[in-house]
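Could you build all of it, start to finish, from the sequences and the hints given here?
Protein chains in written order, with this note's numbering: chain D, 75 to 345; chain R, 75 to 345.
Please note that a few of the clues may not be correct.
Same chains, same label: a pair holds when it works inside one copy or across any pair of copies.
[What the hints assert, rightly or not] Mimicking DSSO-like on lysine-lysine, the simulated pairs with C-alpha atoms at most 27 Å apart in a straight line are:
#1 K340 x K285
#2 K235 x K163
#3 K95 x K227
#4 K107 x K227
#5 K227 x K101
#6 K340 x K191
#7 K235 x K101
I should point out that these hints are in silico values taken from the structure, not numbers from a laboratory.
There are 2 protein chains.
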Amino acid sequence: MGITPQYISAKENPSVKFYRKLSESKKTRTQEKCFVLEGYRLVSDALKNGAEITMLFITENAYERFGEELCSLSGEVTRVLCITDELGKYMAETENTQGVFAVCRMPVQKSWNDFLKKEGAYTVLHQLQDPGNAGMILRTADALGIDGVIFCKSCDIYSPKVVRATMGSLFRVPVLVCSDENDVFYQLEEHGIESDAAVVRDETDIAGERKYAENGCAVWIGNEGNGLPETVSSRCSRRITIPMYGNIESLNAAMAAGILMWEMAKGRKGK
Amino acid sequence: MGITPQYISAKENPSVKFYRKLSESKKTRTQEKCFVLEGYRLVSDALKNGAEITMLFITENAYERFGEELCSLSGEVTRVLCITDELGKYMAETENTQGVFAVCRMPVQKSWNDFLKKEGAYTVLHQLQDPGNAGMILRTADALGIDGVIFCKSCDIYSPKVVRATMGSLFRVPVLVCSDENDVFYQLEEHGIESDAAVVRDETDIAGERKYAENGCAVWIGNEGNGLPETVSSRCSRRITIPMYGNIESLNAAMAAGILMWEMAKGRKGK
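Pasting the structure below:
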């Protein structure tokens, strides 16, 4: 851990420029295998859950409040850079920034064999686009003890908006990113895990009546506007729906996912 | 329905000033018994659900796209005011405004006797503060066919943020605002409706194991940070919790409310 001897104020500072590029560009994140965090809580959650923080930027004001704790949590690989409050405002994505920013290394993605357990409960997000929904789903998966979330053709989990919306659950829930649903189906089947497709209406099972057996289960959640494509839903063992008495469009994708994860977690609570 | 003969461009126009004041001030909303709507979808949902729109502001661009439909939906009490695109930007709360704004009259609050049905399913929000959560809960109540939502000491349902977050469900779900939980308990008891308190952990019933009988039920949801005060939860017939295997703080208030409303709706689906 090395602390810069003086406050950085220049927007042209290479580390600051690196942070901004990671924040703005998915391509840079993918190349560098790093992403950014903003805010005391998120950074401290990351450190407590063993994430690798390579750079920690902290403003003069924030140093007084959080400096000691964050520096004691951070490891040897962390470079601590003190920045001016002015520069903090420049780097911030949120309106009332706390003045704490970090560059975090992406965890090495687990192999399918390490990720999938035979009796596990999983959520597959297929073409889910909204960062707020993705974050809410990860938080709920965290609370309900879901064994992992698979992002298939969905929004970038390492975009600042998704990271912020997960409120730290990103560091607690195993996540796997996969660009091909065929791989997901193949691996789930190989591990004896059944797939449920969340659909709005169809000849379906009713959520709440589905019995969960001993073996693993994955619930597939589709895109906010279009749901799951027929090619995906027809390949699942079950099509499952939340019966609605009111306005169907009012059930947001994250809420639907939450209710289905709840049913899955509850049905398998002996695990 | 009267349409202004020319485009209004002045920020000082009395109707525009009235709109802005309603948007910004709860006091004005309460005095005038009116609130504001922004966006085509929200305004058309309001009109389709019989809300009383007294003023409809529409920009030149928006008139081409939505003018005919909105004018045919709106009633005789609606004054249609054409505004310049520039003024539309000034009035907008959202970044990409559609150029459609309305002043809507608050519905007359139902009496308790009209609002509560003996076998109904209700949600009581107690000191809930976040507009996004309030909106998400109203949307979910709408989807699941909850009979009504009671706002007790909670955020203002007529603030532009809450109205926007409800995405039209405000016009479909019966809502009652009450500033005293004693009144709420008294009325629920009078109507034979049982109260469940949503609590994080305690000597409680487990959500999903609670059996819902024939009579009505209301689930009480507390403040985002503090939950329900002991004085409220101890007065409920049951304390009910969502068992969590992971990080308790990860379950957001709206998601918890959604899961409990789902259990309540499902348990009473014969209604």
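The hints, checked one at a time:
no. : hint        : verdict
1   : K340 x K285 : both (10 Å within a copy, 15 Å between copies)
2   : K235 x K163 : both (17 Å within a copy, 25 Å between copies)
3   : K95 x K227  : within (23 Å within a copy, 44 Å between copies)
4   : K107 x K227 : within (18 Å within a copy, 47 Å between copies)
5   : K227 x K101 : within (15 Å within a copy, 47 Å between copies)
6   : K340 x K191 : within (18 Å within a copy, 30 Å between copies)
7   : K235 x K101 : within (16 Å within a copy, 34 Å between copies)
In the structure shown, no violation is registered for any of the earlier numbered hints.
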